[in-house]
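**Q** Listed below, chain by chain, are the residues.
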Amino acid sequence: MSCFRLENVSYKYDKALVLNGVDLRLEPGEILGLFGHNGAGKTTSIKLILGLMTPSQGKVSVLDGEAGDPKISQYIGYLPENVMFYPQLTGHEILAHFARLKGASLRQVPELLGQVGLDDAMDSRVKTYSKGMRQRLGLAQALLGKPRLLMLDEPTVGLDPVATADLYRLLRKLRDEGTGIVLCSHVLPGVEPYIDRAAILTEGSLKAVGDLASLRRQANMPTTLSIEPESTVAALESVVNNAKASAGLMMRHDNGRLHVDVRPAEKMALVKALMASGEVRDLGIYQPTLEDVYVHFIGSGGLAHRGGAQ
Amino acid sequence: MNSIWTIARKELSDSLRNRWLIAIAIVFATLAVGIAWFGAAASGQVGYASTPATIASLASLGIFLIPLIALLLAYDAIVGEEEGGTLLLLMTYPLSRGQLLFGKFLGHGLTLALATLIGFGVAGVAIALLVEDVAVGALAVAMLRFIVSTTLLGWSFIALAYVVSVRVSEKPVAAGLALAIWFFFVLIFDLMLLGTLVASQGEFNPELLPWLLLLNPTDIYRLLNIVTFSDSAQLSGVLSLGADLPIGPSGLWLALVLWFVIPLTGAWALFRSRRI
Chain S
1 MSCFRLENVS YKYDKALVLN GVDLRLEPGE ILGLFGHNGA GKTTSIKLIL GLMTPSQGKV
61 SVLDGEAGDP KISQYIGYLP ENVMFYPQLT GHEILAHFAR LKGASLRQVP ELLGQVGLDD
121 AMDSRVKTYS KGMRQRLGLA QALLGKPRLL MLDEPTVGLD PVATADLYRL LRKLRDEGTG
181 IVLCSHVLPG VEPYIDRAAI LTEGSLKAVG DLASLRRQAN MPTTLSIEPE STVAALESVV
241 NNAKASAGLM MRHDNGRLHV DVRPAEKMAL VKALMASGEV RDLGIYQPTL EDVYVHFIGS
301 GGLAHRGGAQ
Chain D
1 MNSIWTIARK ELSDSLRNRW LIAIAIVFAT LAVGIAWFGA AASGQVGYAS TPATIASLAS
61 LGIFLIPLIA LLLAYDAIVG EEEGGTLLLL MTYPLSRGQL LFGKFLGHGL TLALATLIGF
121 GVAGVAIALL VEDVAVGALA VAMLRFIVST TLLGWSFIAL AYVVSVRVSE KPVAAGLALA
181 IWFFFVLIFD LMLLGTLVAS QGEFNPELLP WLLLLNPTDI YRLLNIVTFS DSAQLSGVLS
241 LGADLPIGPS GLWLALVLWF VIPLTGAWAL FRSRRI
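Top to bottom, those sequences are chains S and D.
Residue 307 in our numbering sits at position 307 of the first sequence, and the numbers go up by one each step.
Residue 124 in our numbering sits at position 124 of the second sequence, and the numbers go up by one each step.
These aren't lab readings, by the way, just hints derived from the structure by calculation.
Any given hint might turn out to be false.
To be verified - Below, a list of computed lysine-lysine pairs in the DSS-like style, where the Cα atoms sit at most 30 Å apart:
{"#": "1", "chain 1": "S", "residue 1": "Lys12", "chain 2": "S", "residue 2": "Lys47"}
{"#": "2", "chain 1": "S", "residue 1": "Lys173", "chain 2": "D", "residue 2": "Lys171"}
{"#": "3", "chain 1": "S", "residue 1": "Lys15", "chain 2": "D", "residue 2": "Lys171"}
{"#": "4", "chain 1": "S", "residue 1": "Lys131", "chain 2": "S", "residue 2": "Lys173"}
{"#": "5", "chain 1": "D", "residue 1": "Lys171", "chain 2": "S", "residue 2": "Lys131"}
{"#": "6", "chain 1": "S", "residue 1": "Lys15", "chain 2": "S", "residue 2": "Lys146"}
{"#": "7", "chain 1": "S", "residue 1": "Lys59", "chain 2": "S", "residue 2": "Lys15"}
{"#": "8", "chain 1": "S", "residue 1": "Lys146", "chain 2": "S", "residue 2": "Lys127"}
{"#": "9", "chain 1": "S", "residue 1": "Lys146", "chain 2": "S", "residue 2": "Lys59"}
{"#": "10", "chain 1": "S", "residue 1": "Lys146", "chain 2": "S", "residue 2": "Lys71"}
{"#": "11", "chain 1": "S", "residue 1": "Lys12", "chain 2": "S", "residue 2": "Lys207"}
{"#": "12", "chain 1": "D", "residue 1": "Lys171", "chain 2": "S", "residue 2": "Lys47"}
{"#": "13", "chain 1": "S", "residue 1": "Lys267", "chain 2": "S", "residue 2": "Lys146"}
{"#": "14", "chain 1": "S", "residue 1": "Lys267", "chain 2": "S", "residue 2": "Lys207"}
{"#": "15", "chain 1": "S", "residue 1": "Lys12", "chain 2": "D", "residue 2": "Lys171"}
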């Protein structure tokens, strides 16, 4: 059973093509990061999976059923971006209302409120809540009734670092229990350690899907070596140059360290040559981060920053 | 059915919480008692005039008040959820659009029905207890008819408000259109009908004209509460047309019921095609 499966899905909004032939699937026990700039089609994809809209073309199946079927949506948890609630109700009343709608047990309500750290505030009206508290109530809402598919749109907005860490720990636990999770976020460094796979959307089509290692391979981006010389930077430079200077090599130095960009395939050869030379006091290897890979795929000009020393 | 009740229950508890229900009930009770006590003021004395006269006065007031209250209660039913950001979330729950709309209707409808029942019911009991030599049986029947028809009138305007609420995307627009609906049915419609009657100098099909009254729920309501008591000689304005209607009270009741069923169905159809 897949959590969801999009097969060649396109969606038109007033003739404008918002999604174009997207193939994407999520298996249970997996966290998928869904990334893209504003208007790339993330929200549209989520709405299709939630059954709020039907695709103009292609097939959407969710938990082995049809998107939007009440029997299916009972097992889906969703946290919308900028979640809002009825301001005049208390947190407890709201969660109880949604629990009734979802057919979840009312005993879950205080449990979940405790889990997201709202025990003390559950009898205050939501209009007195801060952004972070609303967000936590939104999370509790998404977790009602043990979802098998959880979709979170910018879940960490307004959360302090401790609450953010708590959230990711919770998501890991749910994943280990077999929940499929979709995570949309713009805070790429924040989600990087927690996602199993990433999907990058631009202008309605899927640019790349896969785990971080395979995305790096697809992107073929250089790895950066940061080397502290035993004697002088110049001596190091000559070692690097002698160790088969391939085309894509680039060097620069600052603070007495040498930074070398190297193609992934040539990395080990260079490292071995460096070690053999005895000119290396310290060595740091920096793989392209999720953010670098993302920037590579969406091809943003001005924002580009490359395989990062620090 | 469960989800419908969950939605209805929230609406009902909202109107208890913001004291709408109790406020409407108090307004109704005050009006009813006031009219009962000072009903005979026009003839130079203070006291209970008669049951038909009291009901007629109440209905005349109700025509202005009930649609306004119903529209105010219901105009933001859907558009308010959308502006508040909860509509999207609700629609991801195992809840169809129809269930949401009918749940809202049940909640708002019950609010209005309870307020009417409590407000006018209390007034009815007060009259029965305090006025000497009032025919309690006749009063009860008249009050019951008045309460039921008032509720139905309110429901029809709740349903009309929903038609607006599912269609527009901003609350102020919905409020404006709701006021326009009130203005049309309560003030303009009869004027138009009278105007047609006068301008055509009787040329207008006299068979058809009375049926036109059925196009306005407030006229049906008025016919139900006033015509059934009075001799047609006393009727004024467009209501005299009603005396020519060949359908009788049961037809009028049916028409009033249709006046909430049809707009509600329409609102449902519009809501289903709305993009979220």
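**Q** So, for every hint listed, does it hold in this structure?
**A** So, going through the hints one by one against the coordinates:
no., hint, result
1, S:Lys12 with S:Lys47, "13 Å, holds"
2, S:Lys173 with D:Lys171, "42 Å, violated"
3, S:Lys15 with D:Lys171, "28 Å, holds"
4, S:Lys131 with S:Lys173, "25 Å, holds"
5, D:Lys171 with S:Lys131, "24 Å, holds"
6, S:Lys15 with S:Lys146, "38 Å, violated"
7, S:Lys59 with S:Lys15, "19 Å, holds"
8, S:Lys146 with S:Lys127, "27 Å, holds"
9, S:Lys146 with S:Lys59, "26 Å, holds"
10, S:Lys146 with S:Lys71, "14 Å, holds"
11, S:Lys12 with S:Lys207, "19 Å, holds"
12, D:Lys171 with S:Lys47, "24 Å, holds"
13, S:Lys267 with S:Lys146, "46 Å, violated"
14, S:Lys267 with S:Lys207, "26 Å, holds"
15, S:Lys12 with D:Lys171, "28 Å, holds"
Hint compliance for this structure: hints 2, 6, 13 are broken, all remaining hints hold.
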